[in-house]
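Asks: Hey, can you piece these two chains together into the complex? The hints should help.
Each chain is listed here by its residues.
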Amino acid sequence: MIRDVIRLENVSVRYRVPQENYTTFKEYIIRLAQRKVQHHDFWALHEVSLSIRQGEVFGLVGRNGAGKSTLLKLVARVLRPTTGRVRVAGRVAPLLEIGAGFHPDLTGRENIYLNAAILGLTRAEVDALLPEIVEFSELGDFIEAPLRTYSSGMTARLGFSVATATCPDILIVDEILGVGDEAFQRKCYERINQFQRQGTTILFVSHDSRAVESMCTRAAWLDRGRLMGIGSASEVIARYQESQFTPHPVI
Amino acid sequence: MNETSSFDYDSSRRGLLALDELREVLRYRNLFYQFVRRDIVTRYKRSVLGVAWTMLNPLGMMLVLTIAFSQIFRFNTPNYPAYVLSGLLVWNFFAQTTTMSMTTLVWGGGLFKRIYMPRSIFALSSMGTGLVNLVLALVPMLLIMLVTGTPIRWTFLFLPVPILFLVMFALGVGLMLSTVAVYFPDVSEMYQIILTAWMYLTPIIYPATMLPERLRFWLEWFNPMYRIVQLFRLPLYDGRLPTWAEFWPTMILSLAFCVTGWMVFTRKSDEFAYRL
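Keeping their order, the protein sequence lines are chains A and B. Using this note's numbering, you'd call the opening residue of the first sequence number 1 and step up by one each time. Using this note's numbering, you'd call the opening residue of the second sequence number 1 and step up by one each time.
Bound conformation, chain B alone (with noise of 0.2 Å):
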């Protein structure tokens, strides 16, 4: 008999660590389904209106940035709420999955140091949960719009595209930070910080024409929520399709940080265990 093809498991064999944790991702896809199930499932029991609240609250929040930005500084934004919204729910994409794939992981009961599963599935599971709650909200932001008069246009249906980058971005991000996070739990502390700066660095509730020059420039370049908002908001606020110049930085940035996240991540993963 074969020795070394008799044993399925061999510590000294180690293939790329990037595409072996990708094929284990795909082995174990019916565990991403359960684990994004039981975060829509679980909050959607534990609470009257339930999955509702996935739609109340941007609605809640654009209710109350539309009254004190509209009023207090006027903005010349023609469907206020509209611009809000679209930028809200882009934004609290990536505020919730990237702290929840840091939470889920460092706080998730130690499961995966008690057994076998793609350390990856938390941060997976985390988008794949943000999505379908993005999704969900897409439906007041619909309402919202014909409430205040913005023209619907086909170019809705590129969403999918803009929806993918974020996606992308956000699963880099999320990565990057839970592996620094099984270190030192504090960050996801320091991080809610970071996310406060980071939307006020991002043109969501104000217009980005209101930005000086300058600042605009290197936001562009140095912030990719910068642009995924802009791109998001494209079809769907300002009903057109971007241009090329408009459409390759942002495919570029998402992929850079998607493959950085996963990279970074998967070759470090095996260490997580050691952390007591």
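Only chain A is shown next, with the shape it has when bound in the complex (with noise of 0.2 Å):
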């Protein structure tokens, strides 16, 4: 039986931005004094329903500040919605931006446990994966060397190879595929497309339609904190990039 892995109900957003900005303390109390605090309130999500399969390899599009980030911040928990219900069954992978969580001081070796960590694995599970991701990362002796000595690649590399070390039940990938040569993005395809025969569930996000329509099996198009559309990838895609060529109305 296929079962829902990712469940939104009715899933709201706000954040509440101040009219002017008070970033200093000072500032706040005097404004709090003055009774001059005003926020106003701003909508990342309206009421968003929706539900992804497991095994899914399910695609975000949408224009900047559509919703989409958001979207992916509240399946991986960092982020509670400001109203409606959010459910998520098993462990939750994102894969970080690049060096989110690396030390530049740290080699390549001490960088694998901290990011392990964060990533929420056990001291005894890096052990038993570091053979495998030191392999799959392809540095070499390069793992002895501190961080600040990789390039922007190599530490892609890392990073990718510490996300997926074990093979979680939902991975998150929030458009870092396009780094690294082509021979590792390949590699990057293929792993994720082995999580997926193995039963995971994929969220993705792009700007680059032709990736969501090549990868995914269905999608969901936000605009503007609301859900415009949700099917099979390429319906969705096509309604979408029609979107884009006829102009928005003004609110």
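Do not take every clue at face value.
Said to hold, decoys possible - With a Cα cut of at most 25 Å, we get these calculated DMTMM-like pairs of lysine to aspartate or glutamate:
no., chain 1, residue 1, chain 2, residue 2
1, A, K187, A, E135
2, B, K45, A, D127
3, B, K113, A, D41
4, B, K113, A, D105
5, B, K113, A, E47
6, B, K268, A, D141
7, B, K113, A, E235
8, A, K26, B, E21
9, B, K268, A, D223
10, B, K45, A, E144
11, B, K113, A, D174
12, B, K268, A, E27
13, B, K113, A, E9
14, A, K26, B, E271
15, B, K45, A, D105
16, A, K26, B, D186
17, B, K45, A, D141
18, B, K113, A, E144
In short, the hints are calculated from the structure, not lab data. Predicted, not measured: the structure shown is a model, and the values here were computed from it.
Replies: Right under this line is the structure:
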């Protein structure tokens, strides 16, 4: 039986943005005393409901600020919805932006331990996975060199190798596969495919509609925090692209 | 299949936040260890003297203060270097760990906004790092005691207790400060000024007996650092165990701050990721 692993019900996320930017405490107190603190609400997501089934490669498309990253944060439980309900089954592994959580002065090996701990792995788990991570990253002897001596491609390889060392139940890919050389990119996609065969659900976000279309089985299109469409990837992307050429009505 | 149990995470299901966080911290104990390790190792890698600075820094400060205060102000404190150094160890721990709790959370590259981790891990690992430094700094402390002829007694073994209270108090303060600093990053600048004033209101470089009776009463009850410093000094510098009357207020104060800080922080921490 195929079950839902991610379910969003009427989910809204509201950011409260101060009318003027109070970045200092002093300023805030003065304004508060003057009763001038005003917020305006920014709805990053508005009443979004969707379900993602196990084993799907699910794409999210939409322009900048459409709410794609916010949706990912909800699934990764970094963010709690303002209203609505988010449910997730299994271990979620986000592929982090390059270098997030790495320390330049530590060696590749030390960074593997650090990064794996950030991903919630125990020490024993990392010990067991280490040889495979090192091998997949193709870093060779560089693994003992400090990270600041790495090229951006090498850092990306290390990051990907750690994040995908264990097969997660849900993998979040937020447009980071555009780095590294072509051979390594192919390896990344291979590994993602292999995960999928093992039943991992993949959430994929990209500006590149073609990448979404070729990778994903289903997709959702978000615009200004609202769900505009959901369905088969090719269908949703066709509609999304169509909308890109017709000018938006000014609200 | 039972619908509700098939999901591991449900945003609408919230237990006691303070306890949930505690459970998550236990699950993420490897991250705690890795953060502490990172802070110690990178410090050691960055400089030639490395970890030695952890010991040299309080020694240098002690030297300056000894020259300045024993010569100019002429305190009648026996073994002044040992007195001032023991106070400095406690103070440095407090100042560094509370500041670090704030800065690692607010300027930690927003790591907690990208991936889930218990947010208190930043304050907790700051305490861990501070504790390693404090233990290392006990080496020059004992050295100074030997050199100045301060007797080292077995009461030394009591030190873990005042250190535990120190950690609890610093954690409580660090968590409260972090909560505020997420919303107003300039709090950490303000805090540095407060720290300076706070240090002078704590008997670190001067003997407590120098304070007027009235002021001493106020400080004893409204400056927990006053009692913590005293409690740390007793088994080390004075070479005796604390009396019950010296002991319990420190315990209560530290515990109260620790629990309050934990509650405040866990109550607010879900909102942190909302701050852009």
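Asks: The structure should be examined with respect to each hint, and the outcome stated for every one.
Replies: Hint check results:
no., hint, verdict
1, K187/A - E135/A, "12 Å, holds"
2, K45/B - D127/A, "23 Å, holds"
3, K113/B - D41/A, "20 Å, holds"
4, K113/B - D105/A, "23 Å, holds"
5, K113/B - E47/A, "22 Å, holds"
6, K268/B - D141/A, "45 Å, violated"
7, K113/B - E235/A, "32 Å, violated"
8, K26/A - E21/B, "31 Å, violated"
9, K268/B - D223/A, "30 Å, violated"
10, K45/B - E144/A, "14 Å, holds"
11, K113/B - D174/A, "14 Å, holds"
12, K268/B - E27/A, "22 Å, holds"
13, K113/B - E9/A, "22 Å, holds"
14, K26/A - E271/B, "21 Å, holds"
15, K45/B - D105/A, "7 Å, holds"
16, K26/A - D186/B, "8 Å, holds"
17, K45/B - D141/A, "20 Å, holds"
18, K113/B - E144/A, "29 Å, violated"
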